[in-house]
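Generate coordinates for the entire structure from the input sequences, incorporating the hints supplied.
As given, the protein sequences belong to chains A and B, one line each in that order.
Under the UniProt record's numbering, the first residue of the first sequence is numbered 1, with each subsequent residue one higher.
Under the UniProt record's numbering, the first residue of the second sequence is numbered 1, with each subsequent residue one higher.
Simulated from the structure, these hints should not be mistaken for laboratory data.
Beta carbons are placed, not taken as given, at the ideal position from N, Cα and C, and that holds for glycine.
Do not take every clue at face value.
Unchecked claim - Which residues of chain B face chain A? A partial, calculated answer using Cβ under 7 Å:
1. Tyr26
2. Met413
3. Arg435
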Amino acid sequence: MEKFTVHTGRAVPLRYSNVDTDQIIPAVYLKRVSRSGFEDGLFAAWRANDPDFVLNRPEYAGGTVLIAGPDFGTGSSREHAVWALQDYGFKAVLASRFADIFRGNSLKGGLLTVILPQEVIERLWAAVEADPATEVTVDLVAREVRAPGVTEPFELDDYTRWRLMEGLDDIGLTLRHTDEIAAFEERRKPWLPVTQ
Amino acid sequence: MARTMAEKVWEEHVVRRAEGEPDLLYIDLHLVHEVTSPQAFEGLRLAGRPVRRPDLTIATEDHNVPTENILLPIADPVSRTQIETLRKNASDFGVRLHPMGDIDQGIVHVVGPQLGLTQPGMTIVCGDSHTSTHGAFGALAFGIGTSQVEHVLATQTLPMTPFKTMAVTVNGTLKPGVTSKDIILAVIAKIGTGGGQGYVIEYRGEAIRSLSMEARMTVCNMSIEAGARAGMIAPDETTFDYIKGRPHAPTGADWDAAVAHWKSLRSDPDAVFDAEVVLDADELSPFVTWGTNPGQGVPLDAAVPAPEDFADPNERAAAEKALAYMGLEAGTPMRDVRIDTVFLGSCTNGRIEDLRAAAEIIKGRKVAEGVRMLVVPGSMRVKEQAAQEGLAEVFTAAGAEWREAGCSMCLGMNPDQLKPGERSASTSNRNFEGRQGKGGRTHLVSPLVAAATAVRGTLSSPADL
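Pasting the structure below:
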């Protein structure tokens, strides 16, 4: 996993609430068995059918910070939603609320999801819409989002922050505790089912 | 200290706890399907890691599978590759798999309980958000992403930070024609699609206690649509009766020990929840959605709302967008909404009781002219049982299509899809834009409403027949 410390880039304002995972990447794009190339599925229906959709507007091309409405990522557990955003070039998503599974997936995979008050999201939308060249900085080290006229702290637990800053994968970390897992297995209830 | 059921089950599964780190939780059962697992198995292969506990893992084919001609090769080459990849991965890593054509194949959340693998007090995960279904047994069950699928395959554990707890109490008695689907749709409309974020919901109260095991699964299934990763119901005699005698249920002295333990899992009487919601079952009536998220629902007796009805600017904008997508006008009575397709199935409402309830309504009647009704059993066992009970015949005599088991039109990964502009009454769980096919419009309903709607051609309840 790529390390995340500080990222500065142009932003894309997505003024929709409840953007579900079927919008982020429709199910038809989930049939692949590889881990790359999911950018073509990102917001596929909106990109195909709505010429005014924000990602179809040239002034927002190359944006790396997505600023979305509340309850972003509701719906399915598909991590493909995170992969599609990353493969398209996004490094961070800012919103006032995220769905739990999407948020968990994003922080596992190194896409930084930042929770900010809706009022700050509104100010960022206004700034970026007034000047699409506006750069937004997402600073994980200082736990702060900065843009012209906006300096806003955000919360993220120390452990997740450390893991993202070091680019560490969870499996490697857990496998250091194999002895404890084996000891736990000795204590499990004898009637628990096995599949084989 | 008094604890909730979710807290008890959590505590029993902590492998390791360290200051400043998430708890490492042991996972008792890992359910696997073809869509969210290929990259996880590939990750294991690249790292040279085995599956730690293939004996706590089980796989089935459900999301992609066609529901017709299942013994022929899958026509869509991409779907076929994904199914073949699961078969190779299961074989290479020693995981039990129920492929198409197998009597134990079906939707992963129907198969687990049916085999008796789902039991109270367990931790259960799957790369699918509707894993919350298994919480109906008093298990802590939640959906995970592919990175976590790989993590569980490699370690049989997950690092997790504790959930908050929410009690949803449903008092009173459901009126005839009102089902557990209507309860959960009403809960979601009340608390919103984000209301349960960060919580495990425990459903309790008289109306929940009186539900059958399968009806309880419908409630817990849609916890995720309220934003909660997991929903639970305390195990009781209904739970024990359902599990007893199933292939993987404990037997003999193990059974007695298990039941004694399961009874101890109930939330302590003085346990404190972080949030509480109360509903009165007597006030509920059949519920339907009008919009493009599951929180956009109203009683069938109501009319399509207007964007101005919503005070919150985000909700108002969402309503405007939803009405445009759904092709609906504010003020139209829901009963006047004409339907092209009725879908009866999915992990929400594809079990035998759902098929029985719908069959009872449709028996001796006909699917309305111009309406297509698709009946897709949740598993091959459900299909077989329905055939034995004569339900298959009831559906086909009415003019419905009787299919093989799978996720089917719930998410349209197989050929069962809506065409652009088509409108469905669907017993599934999500009415998102394009969910059932590009441009398709979905109204979420109970099996009873689905059956009545098929007969009348407009959104209807059995009382309208």
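We went through each hint and held it up to the structure:
1. Tyr26: holds (5 Å)
2. Met413: holds (5 Å)
3. Arg435: holds (5 Å)
Of the numbered hints stated above, none is contradicted by the structure.
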